[in-house]
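The opening residue of the sequence shown carries number 10 in this note's numbering; numbering runs sequentially from there.
Simulated from the structure, these hints should not be mistaken for lab results.
Keep in mind the model is a prediction, meaning the values are calculated, not measured.
The reader is advised that the hints may include incorrect statements.
To be verified - Calculated pairs, DSSO-like style, for lysine-lysine (alpha carbon to alpha carbon, straight line, at most 30 Å):
no.: 1; residue 1: Lys120; residue 2: Lys131
no.: 2; residue 1: Lys131; residue 2: Lys111
no.: 3; residue 1: Lys129; residue 2: Lys111
no.: 4; residue 1: Lys140; residue 2: Lys111
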Amino acid sequence: MALKSRNQRRADFNMSSLTDIIFLLLIFFLLTSTLVAPNAIPMLLPNSNTQAQASETLAVSIDRNLNFFVNTREVAEENLEAVLTANLEGRKDEGIVLYADKTVPIDEVVKVLNIANNLKIKVVLATTPEKK
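Make a model of the complete structure from these sequences and hints.
Structure representation (structure tokens):
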């Protein structure tokens, strides 16, 4: 006749508290990921098959209505050179990233390239990866 011991430990693990924590972490990451907007100006970028990533640089954007933006601040075309000079003062080795909508005429892109060339600033053209 075998007797059971009353002091036997159970090897169970309560998963309900662990699933609560995982659920809260999931909600946290979903909410914080929607708050990150790398470029808040909506535009269609041209496609490219290269993967060059720009470090922390100044963003110059041209939207489909031919409005110029430095980061997210709208700038008149005449004032673009002065604004770039002021923002990149002492940091000319960093360069700028040019975001131009697909519908923007190449003349407008060349204007920004000429301004950057006059200021001796490196320019990287932002594109979206090609879909394969």
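Status of each hint after checking the structure:
Restraint check for Lys120 and Lys131: satisfied, since their Cα atoms lie roughly 14 Å apart, inside the 30 Å limit. Between Lys131 and Lys111, the direct Cα distance comes to roughly 21 Å. Compliance with the 30 Å bound is thereby established for this hinted pair. With a C-alpha separation of about 26 Å, the suggested pair Lys129 and Lys111 falls inside the 30 Å cut-off, and the hint holds. Taking the CA atoms of Lys140 and Lys111, the gap is near 16 Å; set against the 30 Å cutoff, the hint holds.
Checked against the numbered hints above, the structure violates none of them.
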